[in-house]
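**Student:** One letter stands for each residue in the lines below.
Number of protein chains: 2
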Amino acid sequence: MGMHRIGRDLRTYYFDPRNRPVAGAHVGDTVVFETVDCFDGQIETERDLVDTIDMSHVNPTTGPLEVYGAVPGHVLAVKVLAIEAVGNAIAALIPGVGVLKDFAPGPFTRVCPIIAGKTVFSADTTIESRLMVGTIGTTPEERVPTGLPGDHGGNMDVPLVGVGATIYLPVFTPGALFQMGDVHSAMGDGECSVTGMECSAEVTVRIVDLVEGRFLPGPLVETADAWGIVASARVFDDAMRVAVRRAAGFLARRLALTPEDAAILLSVSCNARIAQWADANYDTVIYVEVPKHLDRKGRLRAF
Amino acid sequence: MGMHRIGRDLRTYYFDPRNRPVAGAHVGDTVVFETVDCFDGQIETERDLVDTIDMSHVNPTTGPLEVYGAVPGHVLAVKVLAIEAVGNAIAALIPGVGVLKDFAPGPFTRVCPIIAGKTVFSADTTIESRLMVGTIGTTPEERVPTGLPGDHGGNMDVPLVGVGATIYLPVFTPGALFQMGDVHSAMGDGECSVTGMECSAEVTVRIVDLVEGRFLPGPLVETADAWGIVASARVFDDAMRVAVRRAAGFLARRLALTPEDAAILLSVSCNARIAQWADANYDTVIYVEVPKHLDRKGRLRAF
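Chains as they are written, first to last, in this note's numbering: chain H, 554 to 856; chain D, 554 to 856.
Calculated directly from the structure, the hints in this document are not laboratory data.
Owing to the predicted nature of the structure, the values given are computational and were not obtained by experimental measurement.
Check before you lean on any hint, since a few could be wrong.
No copy labels: a pair is met if it fits in one copy or bridges any two.
[Said to hold, decoys possible] In the SDA-like style, the derived pairs of lysine to any residue whose C-alpha atoms are separated by at most 25 Å in a straight line are:
hint, residue 1, residue 2
1, K850, A638
2, K845, Y567
3, K845, S675
4, K632, A576
5, K845, D778
6, K632, V764
7, K654, A786
8, K845, P666
Here chain H stands alone, though its shape is the one from the complex (with noise of 0.2 Å):
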């Protein structure tokens, strides 16, 4: 199996059908994506503040990747193997924006030390490790900000997405142009003063699959212990029904329950998370956590 690494400068600040790819690589290939934190390297000390920085070149993401054979209506399945943090984490807080910016309006940068893979707030706080990507997908098709969540993933923030998780994405164009960035170091649901604790990466990945004659509406995280079903939209609600309403349909085709048993079976046993809400005028992205306990047989795939 093949064996690639994507460079730091290879970066696009798109999802965008006429991107061209930077490599290729076949079903069971490796890939290390060499990442840029959110603020595309523009900030680097405490003195370095949001508004100095050109805003137009953030949450920039590594690739696009085609994976040969892939065609819109396949499902790509990519298992992340490794993430290393390289530097130091930054975390910034954004006028304007972010449930506390009354609070706290900023402009106000942090940067922090990651020792022994736990981010070093402060001589008394250390922050465990949740290292994740936050912007992780298939490219749709029509151009988006790489800065958005969508059903084809992108700024998702989902935390599930660490080292060991699959994710299953719908691939909508041609060779699937799979790209990605924004790692954290840590995340507490809900990011919600719009940041984690960013930090470039080298994230290696395999191609896992390429599954043909199955739909999947939107992003899919396996990990060790659940299954993640996530949805984003522009309000809260939406966000909510759309991937309570997935997460449903998931648990009642895999365990061949009624509609009624699977509505119930949700509201008591999975948990539907925030990933993202830093505002009511910022998007929505929600997991349901489906915990794979829940079925002794081992049904709970992703098809």
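Starting from the structure of chain H, add chain D where the hints point.
**Tutor:** The following block gives chain D in isolation, referenced to the frame of chain H:
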């Protein structure tokens, strides 16, 4: 220290300052509350549907308990020492409510045995225990039904309120008039179809403290690992704003952080989670988890 028991016949459907206390306890006393499930015992088999029961008698709470010496402005601290489920667990679909009301309209009832602490949904599906007290609170100045959440606690459905948790609540009326009910053997974050796995129970608590001279805006829950800051509102956005703002203030005051550092630390390390969001026209309860590991000096205390 005294030991008291409040029987399941002594239940009420309102937090009401005119309610006469059914028992009294001093700080340090232990009290067993016999609670009845949220259907008030009216559903016993899967043939009993919610449209055949008296919906004015739901979500009963046992009490109120007078806490001797409690006056408005105090903060009541109660520790959950034990929760023992009694009988089966029951979940139901209620027509017209819940995000899945079109997917699975109901009415529909499931009755599941609780075996070795786990709720047995079917031969293939056993749900891990999340034994918790759904409704717990002091009595506000004005009467409210026990089905609603608020700054007095009430029907919060916050899964952190399990064995070992301590809940802090503002005192609004003389004697605090504390009551509880609505135990769940299992529940998913969001409780998207309106019920968890509902059961009757015996809940043993200790009245651990009456704190004077401190302001608490709403419920605060301490577990072994985290603090949970709770807020509720009709609309999701409002509940999030209040919960996140309270959590940021908690972090700032306890850890002597600037607002900027508190806003960032919350965003990168604290999970804003959904206790209850069944529908857009249903009350929303949010809890923000502040992990205790954030402070190696042990300064994350209630006050």
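**Student:** All hints are to be evaluated individually against the structure, with a verdict given for each.
**Tutor:** Hint check:
1. K850 x A638: neither (37 Å within a copy, 28 Å between copies)
2. K845 x Y567: So K845 and Y567 fail the 25 Å test inside a copy (35 Å) and across (39 Å) alike.
3. K845 x S675: between (37 Å within a copy, 15 Å between copies)
4. K632 x A576: This pair counts as within: shortest intra-copy Cα distance 18 Å, inter-copy 58 Å.
5. K845 x D778: Both ways: K845 and D778 sit 6 Å apart in one copy and 24 Å across, limit 25 Å.
6. K632 x V764: within (14 Å within a copy, 51 Å between copies)
7. K654 x A786: For K654 and A786, both the intra-copy (21 Å) and inter-copy (20 Å) Cα distances are at most 25 Å.
8. K845 x P666: between (35 Å within a copy, 21 Å between copies)
In summary, the structure is inconsistent with hints 1 and 2 from the numbered list given earlier, while agreeing with the others.
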